[in-house]
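Protein chains: 2
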Amino acid sequence: MSQFTNVTISTKANIYFDGKVTSRTIVFQDGTRKTLGIMLPGEYEFSTSQKEEMDIQAGILEYKVKGQEWKLIQNNGVFYVPANESFFLKVHSVVDYCCSYLPEGN
Amino acid sequence: MSQFTNVTISTKANIYFDGKVTSRTIVFQDGTRKTLGIMLPGEYEFSTSQKEEMDIQAGILEYKVKGQEWKLIQNNGVFYVPANESFFLKVHSVVDYCCSYLPEGN
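Taken in order, these protein sequences are the chains called A and B. The numbers in full-length UniProt numbering rise by one with no breaks, and the one at position 63 of the first sequence is 63. The numbers in full-length UniProt numbering rise by one with no breaks, and the one at position 32 of the second sequence is 32.
Mixed in with the good hints, there may be bad ones.
It does not matter which identical chain is used: a pair holds within one copy or between any two.
[Claimed, not checked] Below, a list of computed lysine to aspartate or glutamate pairs in the EDC-like style, where the Cα atoms sit at most 20 Å apart: (1) Lys71 x Glu45; (2) Lys12 x Glu85; (3) Lys90 x Asp18; (4) Lys12 x Glu53; (5) Lys12 x Glu43; (6) Lys66 x Asp18; (7) Lys12 x Glu104; (8) Lys66 x Asp30; (9) Lys64 x Asp30; (10) Lys64 x Glu45.
Just so you know, these hints were derived from the structure itself, not from any lab.
Given the sequences, and given the hints that come with them, work out the whole structure.
Listed below in structure tokens is the structure:
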């Protein structure tokens with residue numbers, strides 16, 4: 001998976017934590033939505049409204065979904081966060097990620 | 001201009017200066033190419049291979065195209081850089097930009 005085709009992309013970025021976390025929103029023809037983002041080294045807390053798949057494409061981070069242990073991803077890995085939940089990240093080197101917003105049950 | 005439609009986007013980011021400058025490449029159906037990028041505060045030098053239109057969508061920076069004076073953009077502004085040229089940036093607050101790669105003569 002190296003590219004997404006026939007998508008719509010917002011020209012303006014989503015900017016968080018003084019620009020240390022940024023993302024761009026893309027919408028597929030079936031209406032599903034992903035964000036492609038960058039996280040610089042730091043510690044961050046996020047919360048979800050939908051279930052999320054976080055696909056790490058590059059970089060090193062530790063993540064903790066509420067109620068679970070800290071886990072490490074180096075270079076490539078995927079984790080899931082339920083809807084309406086918090087998760088915590090310690091980013092150790094620049095992370096390039098793709099976040100997919102999933103319907104519950106997936 | 002708030003979104004681009006029917007485009008192809010590379011899933012992996014372009015990462016420069018330890019992640020302080022990042023961009024994502026999009027290709028339009030006619031084959032033209034743009035990058036959507038973020039620059040964190042800092043001083044940077046870039047060089048072009050094609051003529052570039054730099055459209056600043058948010059943030060504050062000074063730019064200097066070789067042979068010209070430093071100029072300031074606050075929040076919104078556009079500048080052009082010829083092919084095979086260097087330009088210099090002093091980014092003062094997080095910049096969200098769209099770079100278009102233009103054929104010469106445009």
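Hints that the structure is at odds with (numbers, increasing) = Hints 2, 5, 6, 7, 8, 9 not satisfied by this model.
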